[in-house]
Amino acid sequence: MSKYVTNMVAWCVIALSSLVFTCESAAQSTSYEEIEWIQLMPKDDLDALLNPPEYLTEIEDGSEQDTLNSLDAKPFDNEQDKRYQQALSSVRVIESYNNKKLRIPGFIVSLESEEGKRISEFFIVPYFGACLHMPPPPPNQIIYVKFDQGVDLKSLYDAFWFEGTLTINTVENELGTSAYQLKLDNILPYED
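All residue numbers for the sequence shown refer to the working numbering, where the first residue is 1 and numbers rise by one.
A couple of the hints might just be wrong.
What the hints assert, rightly or not - Keeping only pairs whose Cα atoms sit at most 25 angstroms apart, straight-line, the calculated DSS-like set for lysine-lysine is:
no.	residue 1	residue 2
1	LYS117	LYS183
2	LYS82	LYS117
3	LYS82	LYS43
4	LYS82	LYS154
5	LYS82	LYS100
6	LYS43	LYS101
7	LYS100	LYS154
8	LYS100	LYS43
9	LYS146	LYS183
10	LYS183	LYS100
11	LYS183	LYS101
12	LYS117	LYS154
Since the hints were derived computationally from the structure, they do not count as laboratory data.
None of these values were measured; they are calculated from a predicted model.
Could you build all of it, start to finish, from the sequences and the hints given here?
Shown next as structure tokens:
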């Protein structure tokens, strides 16, 4: 009888070990690297945006001058101003994030809206109101999503965690241009 019990215990330990290993492997395969938005932008683009031309501080938010078109019309006096303008519309990306499973916080900007329907095509943006107010974030700070299941968005103020596989793909829309696309696996309410 004790040999039977010993064999049974051994088989249970082996089965349990296999189950634990399988669960750990499954958890690892669905783990997502949590990133910040600035990680999607080349450092020199970030540096340029953190050092805007001085005349921009004189432009009132929401005024006619507060658009990308008015910036395009402005002559640039120096290389720093030119670099700032380039960074505003940069589609330069971080190649190492291509085909990576990522988790990133953000807000939804619907690209199609039929009243009473779930949103299935949208941009993920780093802050509320991006793309709705001018100018939009740079393309390397906008992520395009096509999600057939759709998202029930109750308020534009709602922030979410987005989990999925990020790819490099430029998508243009009247609301903005994205340099990345996310194959969305999960969308969760944002909590710190």
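Status of each hint after checking the structure:
1. LYS117 with LYS183: 21 angstroms, holds
2. LYS82 with LYS117: Violated. LYS82 to LYS117 sits at ~43 angstroms, over the 25 angstroms cutoff.
3. LYS82 with LYS43: 16 angstroms, holds
4. LYS82 with LYS154: Violated. LYS82 to LYS154 sits at ~40 angstroms, over the 25 angstroms cutoff.
5. LYS82 with LYS100: 32 angstroms, violated
6. LYS43 with LYS101: 22 angstroms, holds
7. LYS100 with LYS154: At roughly 29 angstroms apart (the allowed maximum being 25 angstroms), LYS154 and LYS100 break the hint.
8. LYS100 with LYS43: Holds, at about 20 angstroms.
9. LYS146 with LYS183: 7 angstroms, holds
10. LYS183 with LYS100: 10 angstroms, holds
11. LYS183 with LYS101: 9 angstroms, holds
12. LYS117 with LYS154: With Cα atoms ~11 angstroms apart, LYS117 and LYS154 stay inside 25 angstroms; holds.
This entry does not satisfy hints 2, 4, 5, 7, going by the numbered hints stated previously.
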